[in-house]
Each structure stands twice: as C-alpha cells, then as structure tokens.
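Enquirer: Sequence:
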Amino acid sequence: MMIKKMLIWYLLLSKRLFKKPSFWAVLLLAPLLTAGMTIVAEQDAYILRIAVYAEPSEDSLGEEIAGDLAEVDGVISYHLCSSEEELRREVALSQADAGYVIPSGLTEYLREYAAGRRSGLPYNGHLIRVVTNDDNIQLQLAREQFYSVLYPHLSLMIAEQFTLEQSEFADMDESDVRRSVKELYEELHVDESIFQYAHSGEEAPDDLDNVNYLTSPLRGMLSLFVLLSGLSSTLYLLKDRKAGMFNWVRYGYRGVFEWICILSGTAAGGGAAYLALFFSGTFTAWKEELLLMIMLVFAVTGFCGILSRLIRNMAVFGTCIPLAILISAVLSPVFAAFHGMMPVKILLPSYFYLNSLYSVRFRWWFFLYLLAVNIIYAVLQCSFLRKQKSL
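Every letter in the sequence shown is one number past the one before it in my numbering, and letter 305, counting from 1, is 305.
Since the hints were made in silico from the structure, they are not lab data.
It cannot be assumed that every hint is accurate.
[As the list claims (entries may be wrong)] Taking lysine to aspartate or glutamate and the DMTMM-like style, the derived pairs with C-alpha atoms no more than 20 Å apart in a straight line are:
# : residue 1 : residue 2
1 : Lys20     : Asp240
2 : Lys19     : Asp176
3 : Lys15     : Glu174
[Stated by the list, open to error] Simulated restraints, written as ranges between beta carbons of each label pair:
#  : residue 1 : residue 2 : range
4  : Ala70     : Arg179    : 47 to 53 Å
5  : Val360    : His339    : 18 to 24 Å
6  : Phe169    : Asp135    : 23 to 29 Å
7  : Phe283    : Thr319    : 31 to 37 Å
8  : His339    : Arg179    : 21 to 27 Å
9  : Trp365    : Leu310    : 19 to 25 Å
10 : Leu291    : Ala92     : 33 to 39 Å
11 : Leu7      : Val316    : 20 to 26 Å
12 : Val72     : Gly36     : 22 to 28 Å
13 : Ser148    : Pro333    : 47 to 53 Å
14 : Ile3      : Trp365    : 27 to 33 Å
15 : Val72     : Phe279    : 40 to 46 Å
Where a beta carbon is used, it is the ideal one built from N, C-alpha and C, also for glycine.
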C-alpha cells in the first residue's frame with residue numbers, strides 16, 4: 001500500500017514538475033550540450049594553431065618535418081607558411097598562436113647538435129626558432145609534441161655519432177657507418193602507436209588514436225547536469241514548502257513526500273543524461289550505464305535532500321547552486337583529475353559516479369555513499385519533524 005502511494009506521488013509530482021517551463025529549459029540542456037559537442041568534435045577543432053616554415057634548402061629533412069607536423073591530428077593544428085614574414089604576420093595578428101622556423105641544412109645542424117657542437121647552431125645556439133606573443137602551458141606542451149616529431153631524426157644522428165666514436169668502427173668509412181645505422185633504424189622502426197588503452201575488466205581495449213578529446217568531458221558534464229536537475233527540483237520544493245503547498249501531507253509521510261519531490265526532478269535529469277550518453281558515442285555497456293545512472297540519481301536525491309534541510313532559505317539555496325556545480329566540476333574528474341582535497345571530494349556524488357565507470361571498487365563505495373546520504377537525509381528529516389511536533 002505504501003509503495004503504491006509513493007508511486008502515485010511520484011507520478012503526480014513528475015507531472016506537476018513537467019508543467020514548469022523553467023524545468024524544461026533545464027532538461028533541454030542535456031541534448032543541446034551533447035549535440036553541440038558532437039558537432040564540434042566532427043569539425044576541425046583545436047586548442048592551438050601553430051604556423052610552420054621550413055627555410056628553402058637542398059636538404060629535404062626540414063620540409064619533411066614540416067610536412068609531418070601538418071599531418072598531426074589532435075588538439076594542436078599545424079599549417080605551413082610560404083615565408084618567415086608570413087609566419088610572423090600570422091603570429092602578430094593572432095591568426096596563429098605560435099610559429100616554428102626550421103633552418104635550411106637541418107641534417108647537418110642535427111649532427112652538430114648530436115656531437116655537442118652547439119655554438120654553430122643557426123639561431124643564437126638554438127636549433128629551431130620559436131615565434132610567439134606569449135609562452136603559456138599549451139605552447140609548452142606543443143613544443144613537446146614538436147620534439148616528438150624531431151626526436152626520431154635526432155636520435156638517429158646521436159646513434160650515428162656514438163657509433164663513429166667507437167674504436168671498433170674507426171677503420172670504416174663514415175658514410176658506410178651512417179648508412180648501416182640508418183638501415184638498422186629503418187628495420188626496427190615502429191610506425192604504429194605503442195600505447196594501448198584499456199580499463200580493468202575490459203575485453204577489447206580502446207584505441208587511443210580514436211578517442212576524441214572534445215567529447216571525453218561529456219560524461220562528467222552530464223553528471224553535473226543531473227546534479228543541476230536535482231538542485232533545481234529542490235529549489236522548487238523550497239518554494240512550495242514556503243507557500244505551504246504540502247501542509248496537507250501527514251507529518252509521518254512528509255519526509256518521504258519531499259524526498260519523492262526531489263527524486264522526480266533528478267530522475268528526469270538522469271533519463272535525459274542517459275539518452276544523451278547513448279547518442280553521444282561515449283556510451284559503454286547499457287546495463288552498466290543504466291546501473292550507474294540510477295545510482296547517481298539516488299545519490300543526487302539524497303545529497304539535495306540534505307541541502308534542503310541544512311539550507312531552508314530559497315535565496316541562499318539559489319546562490320549555492322552555481323557554487324555546488326563549480327566545486328563538483330573542479331574536484332570531480334570532469335576535465336582533469338586533481339589530487340588532494342579528499343574530504344571535500346567524498347561529499348560529491350559526481351566524484352563517485354565518474355570514478356565508478358571502470359572501477360568495481362568505486363562502485364561499492366558509490367553504493368555506500370548513496371546509502372549514507374539518504375540515511376543522513378532521513379535522520380535530519382525525522383529530527384526536524386520531532387522539533388515541529390514539540391512546538
């Protein structure tokens with residue numbers, strides 16, 4: 001009988017919630033966010049645009065490296081310039097975030113560098129000229145990517161230089177030694193990616209080359225969307241509570257009624273997030289996704305229920321909504337995993353949800369978390385009702 005009554009309450013409260021245009025505006029965030037990120041991910045999107053110019057030379061290595069950079073696919077886009085003046089103009093006009101100038105005769109300069117004779121390098125003792133307006137973290141990471149393209153050629157020169165310095169090869173012609181080392185390098189060259197990305201328990205590992213960096217934060221952002229749905233329904237609850245809309249509910253059932261009120265909005269957000277994940281291309285096994293989404297819905301419901309008891313003022317609660325979203329975005333692994341502040345992290349439902357996708361151990365912690373927050377909410381609600389009865 002009680003379960004039937006709870007189900008009726010849930011359906012009525014959900015119907016009432018869906019009549020609010022503002023709640024529909026919240027729900028539409030999930031498909032809009034997913035569609036936007038999916039469309040952008042299919043375009044030529046990048047976080048840095050770098051111009052590359054190889055000075056004219058009979059040595060083709062500079063143009064080869066410039067071509068390799070232009071073919072790099074990822075968060076950094078490289079494009080070729082026809083002159084150094086064009087490169088500098090693009091950087092000055094912010095059409096490019098930085099520019100790399102590769103000197104002519106690069107092979108000989110690499111050999112000079114490998115031999116430790118750096119005073120003869122073209123750009124004041126440096127091998128590559130970097131033109132930029134500002135040196136930030138992204139540009140420093142871009143230089144690491146440039147080194148990865150340059151490294152195979154430089155390592156070959158270092159191997160050649162090391163071999164030439166050995167007494168065993170003193171009687172051999174230098175060109176023969178270099179040719180033999182190069183042939184060995186080409187024989188041992190690995191063209192495929194040496195990294196294989198897999199989570200524990202997965203039969204088929206992921207291919208890192210096929211992972212799109214733009215859609216990777218989508219799961220975390222949708223978990224914040226579920227939290228926003230729960231917080232929004234809690235705000236409606238506070239408004240109705242202040243207006244005395246639920247005074248007809250018996251004291252013994254009022255805590256359950258308010259919990260269902262929060263659940264109705266959170267479940268709607270969870271359903272929208274689940275469908276968004278399904279159509280985004282970041283979906284895994286549907287059973288695991290469904291289980292985790294249900295756990296997230298109940299965890300967010302308990303979390304918001306606790307906040308509704310601790311913060312009863314509508315204005316204060318509304319102010320805390322963006323703060324809760326911001327803290328969850330920073331401390332949960334939405335965009336990056338930050339270490340530290342564990343006492344705050346374990347208070348956030350999104351932290352457990354995002355870490356539970358590929359960890360069975362975290363799923364158990366997540367289950368204990370959702371039990372804990374709902375039990376704490378029940379205790380706070382019972383304590384409040386006792387105080388109300390005694391007045």
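Enquirer: Does the alpha-carbon distance linking Lys19 and Asp176 stay inside the 20 Å limit?
Expert: 82 Å, violated
Enquirer: Between Trp365 and Leu310, does the C-beta distance stay in 19 to 25 Å?
Expert: About 23 Å separates the Cβ atoms of Trp365 and Leu310, which means 19 to 25 Å holds.
Enquirer: Could you check the hint for me, namely that Val72 and Phe279 are 40 to 46 Å apart, CB to CB?
Expert: Given about 29 Å between the Cβ atoms, the range is violated.
Enquirer: How does the Cβ-Cβ distance of Leu291 and Ala92 compare with 33 to 39 Å: does it lie in that range?
Expert: At roughly 54 Å between Cβ atoms, Ala92 and Leu291 fall outside 33 to 39 Å, so the hint is violated.
Enquirer: I want to verify a distance hint. Is the separation of the beta carbons of Ser148 and Pro333 within 47 to 53 Å?
Expert: 26 Å, violated
Enquirer: Go ahead and decide if the range 47 to 53 Å is satisfied by the Cβ distance of Ala70 to Arg179.
Expert: About 29 Å separates the Cβ atoms of Ala70 and Arg179, which means 47 to 53 Å is violated.
Enquirer: For the range 20 to 26 Å, tell me whether the beta carbons of Leu7 and Val316 fit it or not.
Expert: 33 Å, violated
Enquirer: Taken at face value, is the distance from the CA of Glu174 to the CA of Lys15 at most 20 Å?
Expert: The given pair, whose Cα atoms are some 84 Å apart, is violated under the 20 Å limit.
Enquirer: Going straight from one Cα to the other, do Lys20 and Asp240 come out at no more than 20 Å?
Expert: Measuring from Cα to Cα gives roughly 13 Å; hence the hint holds.
Enquirer: Between His339 and Arg179, is the Cβ distance one that fits in 21 to 27 Å?
Expert: Violated, since His339 and Arg179 (Cβ atoms, about 50 Å apart) do not stay within the stated range.
Enquirer: Note whether the CB distance of Val360 and His339 lies within 18 to 24 Å or breaks it.
Expert: The hinted range 18 to 24 Å holds for Val360 and His339, with Cβ atoms some 22 Å apart.
Enquirer: Regarding Phe283 and Thr319, is the given constraint of 31 to 37 Å on their beta-carbon distance met?
Expert: 35 Å, holds
Checked against the numbered hints above, the structure violates hints 2, 3, 4, 6, 8, 10, 11, 13, 15; every other hint is satisfied.
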